Amino acid sequence: MGNEQLKEPDFNVRFEYRRKKSKEEMRFQLISFMLMIFLTILAFIAVGSNHFPPKFVIPFLLLLASVQVGFQLYYFMHASEKGHTFPMTFMYSAILVAFVTVLVFMTIIWW
Amino acid sequence: MSTVASKKGIGAFIWEYLTTVDHKKIAHLYLAAGGFFFLLGGLEAMFIRIQLMKPQNDFISEQLFNEVMTMHGTTMIFLAAMPLLFAYMNAVVPLQIGARDVAFPFMNALGFWLFFLGGIFLNLSWFLGGAPDAGWTSYASLSMRSEGHGIDFYLLGVQISGFGTLMSGINFLATIINMRAPGMSFMRMPMFTWTTFVASSLILLAFPPLTISVFLLMFDRLFGSKFFDVAMGGNTIIWEHFFWIFGHPEVYILILPAFGIFSEIVPTFSRKRLFGYSSMVFATILIGFLGFMVWAHHMFTTGLGNVANAIFAVATMAIAVPTGIKIFNWLFTMWGGNIKITVPMLWALGFIPSFVIGGVTGIMQAVAPLDYQLHDTYFIVAHFHYVIVGGVVFALFAAAHFYWPKMFGTQLSEKLGYWTFIFFFPGFHLTFFVQHFLGLMGMPRRVATFLPGQGLDAGNYISSIGAFLMFIGVVLLLINIVVTSVKNKKVANDPWGDGRTMEWALPSPPPYYNFKQTPLVRGLDTWWLEKMEGNKELPPAEPLKDIHMPNNSILPFIISSGLFIAAFGAMYSPLNVVGDGKPWGVPVLILGLGIMFGTMLLRSLLDDYGYYIPKEDLVDDEGKGGRAG
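Heads up: the sequence lines are chains A and B, in that order.
Take 1 as the starting number for the first sequence in our numbering and just add one per residue.
Take 1 as the starting number for the second sequence in our numbering and just add one per residue.
Derived from the structure by calculation, the hints contain no laboratory data.
Just so you know, nobody snuck in bad clues.
The following residues of chain A were derived to be distant from chain B, with all beta-carbon distances above 12 Å: (1) F11; (2) R14; (3) Y17; (4) R18; (5) L30; (6) S49; (7) M77.
Residues on chain B that point at chain A, a partial pick, calculated with CB under 7 Å: (8) I177; (9) L205; (10) F292; (11) L304; (12) V307; (13) A308.
Computed from a prediction, not measured in an experiment: that's the story for all the values here.
Each residue gets a CB set at the ideal place from its N, CA and C atoms; glycine is no exception.
Please model the complete structure; the sequences and the hints are all you need to start from.
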């Protein structure tokens, strides 16, 4: 019977914890969502304004793109949470393999 | 509801196998289908060797030779070697990690039926106007000009069976990551499970490039696109790159599970734990990664330039290091062990020197300047047959004898097994060793005939004699299988007496739910550990409770048939380069895809919760071979 007495506060504590956690997550999601829109606007400006040379625009876009991928993975797909070790390991291995392949094509094969 | 064969009609038997989602039965299907294609590919190899037995032979015409040679390679790689490895993976891996089935039983069945119908589609080309004739690599510059529908059969067949392979690979990844029994940490996993895991990750990363490139070529040939047409601004070399970005990992997909099989057999019959387990794991993963960085060594002569050739040469040689680690580990496992020579062990002993020869010629080809001499000669043919036959096929034969008891409950005759080895092993070396010298003397590969008086006569004759010896070896194996099945003498759980991993704790064959209670794993070589402590079974990790099982389903077969029908529609598309498009082409394509997607929708909408085996039934099974194990 002692269990039942314990259950009530336990449930409340967990509920409170979940609520706080969800609130926090929601805030992060909104912030990163706004940041992503902001980065997208920057990207459009960089290309559309015609003020910047391609030598600057291309690396800049690549940089923005990698930040966007990070936001997507870690804030929207919850990659940092528990139980995502394997998907992330595989994803990074695949990114490494694909990156090396493209790099090889860009540097030494496609002359 | 039992895997132990009971007397029932042939119709019920076929229906059971058409609908099964049990990994052990899917293993039987893979073994039967892969074995069938292995015999087809072997027959094609015999035709090649008969044609090349003497100079200017006219046993088969040049065109037919091209078709036979192409189909031999394609069949052996895609339809024989890989499915046969999948057979052993399906049969053994869930048992080795203490699981009741793979993670996605339905997808497992779907993977098999896609592979099988893709293979059937490919082989239907023999009856429908000629087989593919551009080699198993199907280089775009050649295959775009091929007349008739052969190449289309290749593209559609390889694509469909490739989908199946990709699914099976993902399935094994999910299974090994999620379904290990309590205590089965990664560094306690048996080597065969480890190599299956790494090979599955290679499938996951290597098959998408194949899918894409086959799609591109398919669109070029069937729907009028111009990806590989140089005259229209396309690029024909990109096919070679795509193909080998897939193709090189593919050979590791084949050889790694073979390494895993030998890593199980060598410690079992040396009665000694595997030497350097952690270095074996490390070497396997390293080979997996390096396998993606070396594809251009197949293309040294396409004119990549010195820098690319040098870098790929060095990367290729680097693979010799982890492979060497493995070879030494097997030798050190045997060193000081109490070796028992059985048929599987005999194949393992034959494998080590044969594979080392193949590895050495591989390093020779990695030297780019030398490769200019060796490229497209019989030296290459000799090399890859030494690694694929001497590595993969030996492993398949070894595993057939080693795991037969676990798959079928009977033991293949050791005596006939020795005779298979006595014919096959010398036959293999006779066939392929002499081909090194034929290649060095300048005999190009893939030629339908050669002229007399060029010093090639004797070598080719010897090579063909060896092929006949191999043929006899395979026939003896078939006789062995028939004799063993007719005798049907059942064996106990650990027929070799020295089993080390968990599958040997289960009855042969295991009950359909595998483990009555999920076992607790207390260390590497789990079953050996318990035996040494005097235990008769594995300690359970859970109380006896109801077991949740998946229902059988015909849907995987219907989904695959839909794709099979769609392939015919695509081939006779009005836009195809052969120019014999039919008005029914597109409707049939849409019909086939409709059947496929409709069935997939049905699967998603109909909830199938499976069923439970009640606890009471499990208690009843006591003493009937259904022990907790």
